[in-house]
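Enquirer: Chain order of the listed sequences is A and W. The numbers in my numbering rise by one with no breaks, and the one at position 268 of the first sequence is 268. Residues are numbered in my numbering as their position in the second sequence, beginning at 1, plus a constant of 323.
Rather than coming from a laboratory, the hints here were simulated on the basis of the structure. Backbone N, C-alpha and C fix where the C-beta goes; we use that ideal spot for every residue, glycine too. Please note that the accuracy of each hint is not assured.
Mimicking SDA-like on lysine to any residue, the simulated pairs with C-alpha atoms at most 20 angstroms apart in a straight line are [claimed, not checked]:
{"no.": "1", "chain 1": "W", "residue 1": "LYS413", "chain 2": "W", "residue 2": "ARG508"}
{"no.": "2", "chain 1": "W", "residue 1": "LYS587", "chain 2": "A", "residue 2": "ILE123"}
{"no.": "3", "chain 1": "W", "residue 1": "LYS491", "chain 2": "W", "residue 2": "ALA514"}
{"no.": "4", "chain 1": "A", "residue 1": "LYS187", "chain 2": "A", "residue 2": "LEU255"}
{"no.": "5", "chain 1": "W", "residue 1": "LYS587", "chain 2": "A", "residue 2": "THR125"}
{"no.": "6", "chain 1": "A", "residue 1": "LYS187", "chain 2": "W", "residue 2": "ASN357"}
{"no.": "7", "chain 1": "W", "residue 1": "LYS413", "chain 2": "A", "residue 2": "TYR108"}
{"no.": "8", "chain 1": "W", "residue 1": "LYS587", "chain 2": "A", "residue 2": "ALA132"}
{"no.": "9", "chain 1": "W", "residue 1": "LYS413", "chain 2": "W", "residue 2": "ALA501"}
{"no.": "10", "chain 1": "W", "residue 1": "LYS413", "chain 2": "A", "residue 2": "HIS107"}
{"no.": "11", "chain 1": "W", "residue 1": "LYS587", "chain 2": "A", "residue 2": "ASP128"}
{"no.": "12", "chain 1": "W", "residue 1": "LYS413", "chain 2": "A", "residue 2": "ARG297"}
{"no.": "13", "chain 1": "W", "residue 1": "LYS587", "chain 2": "A", "residue 2": "THR127"}
{"no.": "14", "chain 1": "A", "residue 1": "LYS187", "chain 2": "W", "residue 2": "ILE358"}
{"no.": "15", "chain 1": "A", "residue 1": "LYS187", "chain 2": "W", "residue 2": "MET416"}
{"no.": "16", "chain 1": "W", "residue 1": "LYS587", "chain 2": "A", "residue 2": "ASN126"}
{"no.": "17", "chain 1": "W", "residue 1": "LYS413", "chain 2": "A", "residue 2": "SER305"}
{"no.": "18", "chain 1": "A", "residue 1": "LYS187", "chain 2": "W", "residue 2": "PRO415"}
{"no.": "19", "chain 1": "W", "residue 1": "LYS491", "chain 2": "W", "residue 2": "GLN503"}
{"no.": "20", "chain 1": "W", "residue 1": "LYS413", "chain 2": "A", "residue 2": "PHE298"}
{"no.": "21", "chain 1": "W", "residue 1": "LYS413", "chain 2": "A", "residue 2": "GLU190"}
{"no.": "22", "chain 1": "W", "residue 1": "LYS413", "chain 2": "A", "residue 2": "LEU294"}
{"no.": "23", "chain 1": "W", "residue 1": "LYS587", "chain 2": "A", "residue 2": "ILE237"}
{"no.": "24", "chain 1": "W", "residue 1": "LYS413", "chain 2": "A", "residue 2": "GLN299"}
{"no.": "25", "chain 1": "W", "residue 1": "LYS413", "chain 2": "A", "residue 2": "SER105"}
{"no.": "26", "chain 1": "A", "residue 1": "LYS187", "chain 2": "W", "residue 2": "GLY414"}
{"no.": "27", "chain 1": "W", "residue 1": "LYS413", "chain 2": "A", "residue 2": "GLY106"}
{"no.": "28", "chain 1": "W", "residue 1": "LYS413", "chain 2": "A", "residue 2": "ASP188"}
{"no.": "29", "chain 1": "W", "residue 1": "LYS413", "chain 2": "W", "residue 2": "ALA502"}
{"no.": "30", "chain 1": "W", "residue 1": "LYS413", "chain 2": "A", "residue 2": "SER189"}
{"no.": "31", "chain 1": "W", "residue 1": "LYS413", "chain 2": "W", "residue 2": "TRP353"}
{"no.": "32", "chain 1": "W", "residue 1": "LYS413", "chain 2": "A", "residue 2": "GLY301"}
{"no.": "33", "chain 1": "W", "residue 1": "LYS587", "chain 2": "A", "residue 2": "ALA133"}
{"no.": "34", "chain 1": "A", "residue 1": "LYS187", "chain 2": "W", "residue 2": "LYS413"}
{"no.": "35", "chain 1": "W", "residue 1": "LYS587", "chain 2": "A", "residue 2": "GLY236"}
{"no.": "36", "chain 1": "W", "residue 1": "LYS413", "chain 2": "W", "residue 2": "ALA514"}
Which bits of chain A does chain W cover? Going by a derived footprint, with three or more residues having C-beta under 8 angstroms, they are [what the hints assert, rightly or not]:
{"no.": "37", "region": "48 to 58"}
{"no.": "38", "region": "100 to 114"}
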Amino acid sequence: MRRWIWLSVVVAIAIAYPLLLSSPFQQRLGALVLLYAIAASAWNIVGGYAGQVSVGHVVFFGCGAYAAMGSYAKFGLSPLFGIPGGIVIAVGLAAIIGVPTLRLSGHYFSMATIAVAETMRLIVTNTDWLGAAVGLSGPTVPRNIFDLSFLSSLPYYYLFLVILAITLFVTWWMTNSRMGFYLRAIKDSERAARSLGAPASRTKLYAYMLSAAFTSVAGALYAMMFGFVDPESGLGILISVKILIMAALGGAGLLFGPLVGAAILVPLEEISNSWLGGKGAGLTFVLYGAIIVLIARFQPGGLLSLFTRRRKPSADPGASHAP
Amino acid sequence: MSFVLVQVIVGGLLLGAVYALFSSGLTLVWGMMNIVNFAHGDFVMLGMYVAYVVYTLMGGGPILGAPLATLVLATVGVVVYFALIRDIMKGPMLAQILGTFGLALLLRYSVFWWFGANFLSMPQNIVGGTYAFAGLRIEASRLLAGVVALLVTLGLHLLLTRTSLGSKMLAVAEDQTAAQLMGIRPDTMQAIAWAIAAGATGLAGALIANFFYIVPTVGETLGIVAFVTVSLGGFGSVPGALVAGLLIGVIESLSGYLIGAIYKDIVVYVLFLLFLWFRPQGLMGKM
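Pulled out of the complex, with its shape left as it was, chain W reads as follows (with noise of 0.2 angstroms):
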């Protein structure tokens, strides 16, 4: 294997693994409430967004923005869950996709009306240069957000299995009134739940505004991708987002390089597509 190889796969499991991250808080609030959140993606690039105007105001980098970002979208994450979420859930199936639709609307273009619909991107910060082990080369800001997005990403299934929170958040999504029997309440749960899904969203936007392009749209490629990452890891398994997160880092590298760049999301969307097919409980999921 040549070493140009190697380094677009190093390159791939890096980005995949803040797919992973993003990915997860989505697989998290399908698995608990059996509600997709089509403005998923949005919540990363308003993450990015976040990033980017912690910097410009107090410098920093991603060592201020992405706690900043993290806070920030958690708490998005709780409005949203008691403005919107809370009582779509319970409506039909067309109010679901439509409300979190509009929402992805609403985010895009109140970003795209505030910033316009210019590229954007990080100015030079702390976080900068490159880093040679063995031959390969890896910018720093990569390696940061491969290497914090893959602990994150552990942290949350050690949060969600072996932890009280955890097991009072599987309880609710296993039934609802057997756990309000039981002192837990619901309404608390899904709300970290949504907290705890759009912070990951969050951290993950900060640790990618250092090298991706800020954009409003970037949102719309994002979702799929943590849609695409869901279907293949099975919805509700975090371990199967971080295999499938990393896979997909991979196959869009891979494809990048081996076929074209305007290929790289083709690629992923009809990857997505055979899944739903022919495999639609994932890698790893049940139905």
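Okay, chain A solo, but in the shape it has when bound (with noise of 0.2 angstroms):
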């Protein structure tokens, strides 16, 4: 009952904040957010709940971003038709990088993923079809509505939260569906897991191709949103880093963790850009980077294990003292 309630509250703020703080900058600045929260929670499903920690996933978020402006670029259509052909694109990619790698340690799925992530944005830099270093631009005057380019953003602002909420509702059913037993499971001990029977590495790929969907959706809705897309805004490293960072400051494995690390980290980034300039963009790095050493040495479950820990005790009162 009280989830229910938090829930409701949670979801009457999301509705109400762009209408209570409307300039366009905070407005903005929500719609990053959620934008950001949509990409940190695909990258949770493999990286929080499949225990797959993935440092390459700007490569289906550049699926997204490229398949949306190409389909105006390269054929004049909305950018909306491009969201299923980022979607094919990037689950047939998250198929060939995940079928070799997911056999073998985390680390070397990590190591892989940066690799593919390099590999893609040098090819795409040097490939003139997609603009090399240029990159592609999308329609520069709406035609229709179908073409998503808005002056303000708030439209953008609740197209991303209803996504958004797509993403964690598909999320939430995972976890409570067969899949999300088994990547409990494998999380916990993969070689336990197996000898019960758990179809690991189906199961492991299963979830990194639907994170790789979400995260092209990601991708398109980015580029939609900003009108281009070039190698470092839809494939640079940085992207990834982001997007694990979110995730892993709110709680990789929470539902609401990225969102939560969205919710903190944007703003941050924006703020010491428009206060510092240039120089800025540096410094938000050193800060990022930072904040996950902290984490990872003070509290590597994430903000939001906090509370889970300290709720923990009453919803199972016979245990005295937790280990």
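Fit chain to chain and form the complex, with the hints in mind.
Expert: Set out below in structure tokens:
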């Protein structure tokens, strides 16, 4: 019961936010928080629940962004039509990366994802058809509503809110399905899970593909809001890093962890950028680095795990002391 | 074989020796503690900047810069071990990856903030000019870097296999509890391993500072090179890292020359992925 009250409070705040704080800066900030929350929640499926730390998620982000802009720049279609294409490419790529590397222990997977992301960035940077270093642009003047090109951030805000809700719902549904139980077992001990008949490799692969699909949607939405994509903004390793940090700061493997992380870090970055100007970019990432080191050292479960741990004794009164 | 090709291969071997040097640091830490240092490439970057600062303050080139960079980075290694690694080693894998990855960002963007994003290059110093051997032309700074890196890597191998310190480190890698019962302090041995690993990156960074582009993001590329080298050579194997480093140096130079400079990184990354997929134990390692 208490959970439903909390949920409705969060939803009410999310719906009311851009109407209460209605300056363009605040609305844009809200939209960006939701956008990164989508990407971080998508990462959470494989990085949090499956425990496979992908450091190259930007590859899928880039698939979506390039597919959306490409469908306009190459075929004159609305960027919306690029979304399914982006999902297909991202899921296919996830299978190609995942089948061989998910067999190996976790570090290999992380390194392989970095290498794939960097390879992709270098290839795209040198491919003229994809705009090389300049990238691709969306429609400068919207032809109709399906171009999803708005001056105000308000329509984006609500669009992102809906997509985030879908992402979180699918994640929640997944954790309560057979797949979720498999994932939890695998994360605790892969060997034990395998010996009990859980199809470990296949389950991890499905989680990875699902995560790739949602990350691709986030990339497409990002490109639509900004109206362009280039190798740095669509395939740069720093996007992966941001996604990962947001999920880890809030709490990897917790449903609302990525949202909390995004709600803290996106305003931090926007404010430090607007205060410090060009110099801010470097300092922001110094701060990011410091934050992750501190999380890893002192609170590896993320901020939300502070609350879940405190709630445990009341949920299980029989347990006298936690280990 | 044409002369140019020989020239390219020799250049690749000299650079490959430096790759081997800093990669043996990564392989040592991985083999001993089963932790991957995602900041390894950024340690090399730090070594380059230390060499640069030493030169601008005191002059002297690599002869002064290399020992100082080794010392500074070895200190950084020990500090990082006690402040971060010792604790995250026991934590979940996410914490291990996040911890060293965060460290990488912290180092990279602190340097970025301080020095800016511009490419720096070492001014002309005492190790300059080119030598000619039998028609081959070799830059003095590359020759120095290659030869020193080769000797130090071999020295590191001897240190690990032929000395009592090496045996103690091996003992800690095999079984911490058993080592502790024999009167070896795992903490001290692991701190020494970090000092050696980071010191090797400092030396490597100072050696290549003379002819490499010095830029805060260079650590990203060099870090991947180290991963490739270690995965090719087999985790925990210094001789493996040496062979793999030389091989990668040559492959990189050849593909840069034959296919085009922009593709040399792609060739190395693809090679890395192929190895991870088909032979994850590397050329010489055991899983």
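Enquirer: Run the structure past the numbered hints and jot down the numbers of the failing ones, going up.
Expert: Checked against the structure, no hint fails, so every one of them is satisfied.
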